[in-house]
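Each chain is listed here by its residues.
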Amino acid sequence: GAGVSQSPSNKVTEKGKDVELRCDPISGHTALYWYRQSLGQGLEFLIYFQGNSAPDKSGLPSDRFSAERTGGSVSTLTIQRTQQEDSAVYLCASSRTSGSNEQFFGPGTRLTVL
Amino acid sequence: AQRVTQPEKLLSVFKGAPVELKCNYSYSGSPELFWYVQYSRQRLQLLLRHISRESIKGFTADLNKGETSFHLKKPFAQEEDSAMYYCALIPSRAGNNRKLIWGLGTSLAVNP
Chain F
41 GAGVSQSPSN KVTEKGKDVE LRCDPISGHT ALYWYRQSLG QGLEFLIYFQ GNSAPDKSGL
101 PSDRFSAERT GGSVSTLTIQ RTQQEDSAVY LCASSRTSGS NEQFFGPGTR LTVL
Chain S
168 AQRVTQPEKL LSVFKGAPVE LKCNYSYSGS PELFWYVQYS RQRLQLLLRH ISRESIKGFT
228 ADLNKGETSF HLKKPFAQEE DSAMYYCALI PSRAGNNRKL IWGLGTSLAV NP
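Protein sequence lines, in the order shown, are assigned to chains F and S. Residue numbers for the first sequence follow our numbering, beginning at 41 and rising by one. Residue numbers for the second sequence follow our numbering, beginning at 168 and rising by one.
Quick caveat, the hints were computed from the structure, so don't treat them as lab data. Don't take every hint at face value.
Short, incomplete list of chain S residues facing chain F, as computed with Cβ under 8 Å [to be verified]:
no.: 1; residue: R210
no.: 2; residue: L211
no.: 3; residue: Q212
no.: 4; residue: L213
no.: 5; residue: L215
no.: 6; residue: R265
no.: 7; residue: K266
no.: 8; residue: L267
no.: 9; residue: W269
no.: 10; residue: G270
no.: 11; residue: G272
Quick reminder that beta carbons are idealized off the backbone N, C-alpha and C, glycines included.
Starting from the given sequences, assemble the full structure and let the hints guide the process.
In structure tokens, the structure reads:
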């Protein structure tokens, strides 16, 4: 079956513009995660969705970042008024439940803010 | 604070040599530890987790709570093991949130 997909694979934008990053999790996976990997840094947790529960937004670095998950499936990460420090690879992962199940990762979106 | 440390950015060994990728963590409770791997031009994938106590592709990792370590080992490295390896932790108190806390990764190069 299809794995986690993300689009676009690459995004170049100008400072101050808004961007939307999309994640399609594996069908039937109820948990969805967004991570960020900046140059020279490890992976940083951003936000977590589990079913119909309120998302855990504790990792979002500022109020310019927001995310939605519609119908318990597709998720969109939005960055408003992008800054150069937002440049990173944004990874999405999903898992069957929120238990000790394996997280399956998408290929990532490389965001470059000029 | 919860933290995962991988002290080596790059590890280079010859084919057939033993390899050990180090991982230390700081957490007061009993975390779950994982190793993820990313081969060139592929996505991140789970290699193994400590609760499974399994050997994957010849790799093993033992959780040492006394030393707060979870080193990844393989007795005889192969060229196809060349990849980026990440150690990660889920705090046991995370409840339903299984967010991973990551190390910075170690790039393993296995030379012929």
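Against the structure, the hints come out as follows:
1. R210: holds, 5 Å
2. L211: For L211/S, the interface hint holds, since the closest Cβ of chain F sits about 4 Å away, which is under 8 Å.
3. Q212: holds, 7 Å
4. L213: holds, 5 Å
5. L215: violated, 10 Å
6. R265: holds, 6 Å
7. K266: holds, 4 Å
8. L267: Because about 7 Å separates L267/S from the closest Cβ in chain F, which is inside the 8 Å limit, the hint holds.
9. W269: holds, 4 Å
10. G270: Status holds, d = 6 Å.
11. G272: holds, 7 Å
In this structure, the one hint that does not hold is number 5.
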